[in-house]
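J.: Chain by chain, the residues run as shown.
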Amino acid sequence: MNQVRAQTRRQGDTAIIFVEGYLSGHSAGPLEDAFQEARGAEKILVVFREGDFLNSAGLAVLFDLILSAKEQGKGARIVEPSPHFRKVFRIMGLTEDIEIFETEEAALQGW
Amino acid sequence: MSMMEFIRSRKERWDYLNPNHPLKRRIGWVLGEARLVVRALVIAGCLALIGYLIWTFVGGKTDGGRLLCEGMQRDEVRAVSSLLGERGIEVTADADSSRLKAPHDQLREARWQMARVGYPRTGHFANWYDRASSFIPWNESSQNEEYRRAIERELENIQLERAEIDFARVEIRSGKETETNEGSTPDGVTVTVVSGTGEAIPADFPPAIRTLVSKSVTGVLPEEVEVLDSRGILQPDALSEDGEGRRRTDTEMWLARQLEKKAQSLLDQVIFKNQSIVRIDAVLGTDSSISRRGGQEAERVTADGAKISDVRLSVVLLVNRVRDGVYRDGSIHKEDRSESMLDGLMLLVRGAVGFSSGQGDRARLEVLHFDTERKEPVPLIIKREAVDETEVDSLLRSEFEMGALVATRLEKKGQGLLDQVIGRDRSIVKVYVQPENRLERDGSRNLDSQQPRPGRLSVAVAIDETKVIIDAESGKYIEEARPDEEIQRLADLVQESVGFDDERGDQITVWPLLFDKTAQVLTRQISEADERRIFWTNIAKNIAKVAGIILVLIALRFIIMGIGRGMGVEEELEETDSVEVNQTDVLLDEYTKELEAARQMQMSLMPTASPVIDGMDIAGGCRPANHVGGDFFQHLQMDDSRWMVCLADVTGHGMEAAIPVVMFCGVLKSLVDKGGEIDELLRSLNNTMHGGLTGNTLTGRTFVCFSGGELDVNKGIFKLSNAGCPFPFYYRASADEVVELEVEGYPLGVRPDRHYRLMEVALEPGDRVVLCTDGIIEAEDRFGHMFGFDRLAYVIREGCRQHLSAAELRDYVMAEVTDYCEDVAQADDQTLVVIEQKA
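Protein chains in written order, with the numbering used here: chain V, 1 to 111; chain B, 112 to 950.
Calculated directly from the structure, the hints in this document are not laboratory data. Bear in mind the structure is a predicted one, so any value in this text is a computation, not a measurement. All C-beta atoms in this analysis are idealised placements derived from N, C-alpha and C, irrespective of residue type, glycine included. Among the hints, a few may not be true.
As the list claims (entries may be wrong) - To give an idea of the interface, some chain V residues facing chain B are shown, with a C-beta separation under 8 Å as derived from the structure: (1) 55; (2) 56; (3) 61; (4) 63; (5) 64; (6) 67; (7) 87; (8) 90; (9) 93.
With the rest of the complex left out, here is chain V (with noise of 0.2 Å):
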């Protein structure tokens, strides 16, 4: 499991982009185009599912990408149901800057 799908759904202003698959530095490529898709969105709410797999490559591309979109001004969330990869967001220090959800109604709620 070696890839990733990444699809982009516009919501009103939030362009929600659901990710799936191991995410690693060499498969980052459908996630870096969803971003882009998502480029004209106030918004950017990135859900993983439950099972994928992020490595240290995938996280520095997701921290990258996620990081320079809070930078441009939008605003940022991700929903990661698995508990030991919220754990890894919160070590790695994301959750000072990025909000993490566990369900994707949970995300959308009052933002």
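Please build the complex by placing chain B on the supplied structure of chain V, with the hints as guidance.
T.: Using the frame of chain V, we list chain B on its own:
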């Protein structure tokens, strides 16, 4: 679009119209160039046309109402005026007293009230249907359609639904030629009316409808209008002059149904099903006034004592005009039934039901175009009401059934005889037996008459007018006309077989018909088609099998040839391949050696032995996933009491990560040598990594996760920080527990100028701090389950409880991870550093 906008658009269109447009040119000529007389004539003509249109639309509504009727004699005008006046309808007469006008809102009621009493008799209703100005009678069918629509319109206008009457439909019977040959008028009109309540139609309705139709539509005479009810029963005054208009009894309906079945079965045999329908109305005479044939027969009495003098029949036969004809080559085409065939069908039906025109029975034939695509291909869909069998007169029923029994026996005798002579399906014999009178005049039953004896017979015989014989010359079967003499002889045979008796009043109808052989032809065609289909299917299957075998053989041949050629080529290429293989092996060897050298180089960046520090035990280990990896650990002495103990994980692994590791190691050593506080060191390290790593790798995004810090060996204080690595695990010996030191931070190089938080841990004897990279946490077993934080914490605690040294604990944990993963290939570098405060 408003009116003004419309006018403006029209004007613009006119302005833009080409000046040479014929219309514009002619109008211009009239207005500008034509002589005054011509101009005046054109304008007058236009005004006259406008006036005519206005008069046409509103003329009939002026002067005291709309025109009701016209062409009446003065006496009739007065009578109608008086009649309608009594009913609250004020009408006015014209000056010539031949026309009547009625208020607009009472026009319909006036027409209906007039029709109910038979007016107008000398004139006709206004706005009546004028065929000469309304349509051109191109052909009979379009003309009939015009008539039908006109009549339906008239009846709808009257709105008889007020009287709970729903009109089912209007049928126009075939037309008759007029003297001027301009078209034809209907031969008759059948109006089927359905009572919305299911009750019988009021007795005065049929004549009213007849008047309404005939006096509002030209070319239709009152006597040509027949009114049927929902059961298909002709309404009384259409049946006889003295019809009582009553609802038929269950006995009469039952009797009619029996006769219908008999006649229908005959027709179905002759011209097949769905090609005809028979409707019979049976009226049992109950008084002497209608027992016109009772003079020859004894009166019968029903079980309840009512006298039955006779049964009067009214037969309506509907036949599809079109039949399937068969050409000599067996193909089928559509053709109209011949007049002789239609007459023959009618005669056969009459014979089958014991019809007697001399005694008041009526019969009518309607030839219509059936829609054979419908399930019920009857143009006039009339369903019989259910008969309550218990209400059927038992005496009459028994007599009729007795007669039917005798008739069946006689039919079998006659039919059997003809079948033997001319073959099956070449004739049809139907016999009707008038129920024998076994009742005395006083109403008592003649009990001596136990054996059924035939009453008056009515025999219908249909004989195929052609026959199949063997041609003497060719020896083939050919079809030829059946001679009249033969038909007569066959009829004589039937008469003999059924005991025909002229004196008894028996009657026989013999009619030669061209039997419809469509079904036989169709059956034969279907059978032949099936045979052809099976034949060709088998042929196709066999061809496919043979083709498949041939293809397999061809494929096998090519395979064998290929293998043969391949063997030859292999032999030829064997030497060349061996050379290439040797070259590849050499390259692989060289590459492996280079990787091993890189590995040795990378490993040389990491300590190979634990430092010797009083009171402290430090041990680390790195297990790259490939020859080289992105993990790194180090312990560097900062000064006499302080040591830098850390590990790092460069994103990715393999060569992609190995080179940044080298760079990171150099920077780290450089900064440590430079001296300074740990937090400043981390800030510098981060900034250096951010500027130095970006763009130097495959992904362009290389970060360094870092965990570690400054260990003051004298004070036993570990100032640690964490930049993206798993939280350090801390075994507190006094509590015998493992906790995670939750210090989080961006990996080094992610963003510049980040401040990395420091946590101070005062180590007590027996305490241990374990640093690790995510390769350990995320090591997976064969089911894809990660080793995880909790399991690692558990393993560390277990190792600590066993009082393992730092190196032993490192090996213990690594071994547990290895055991956990079993034979699953290592996916990421795994690095572990253990710091122990010795007891």
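J.: Kindly indicate which numbered hints from before are broken by the structure, ordering the numbers from low to high.
T.: none
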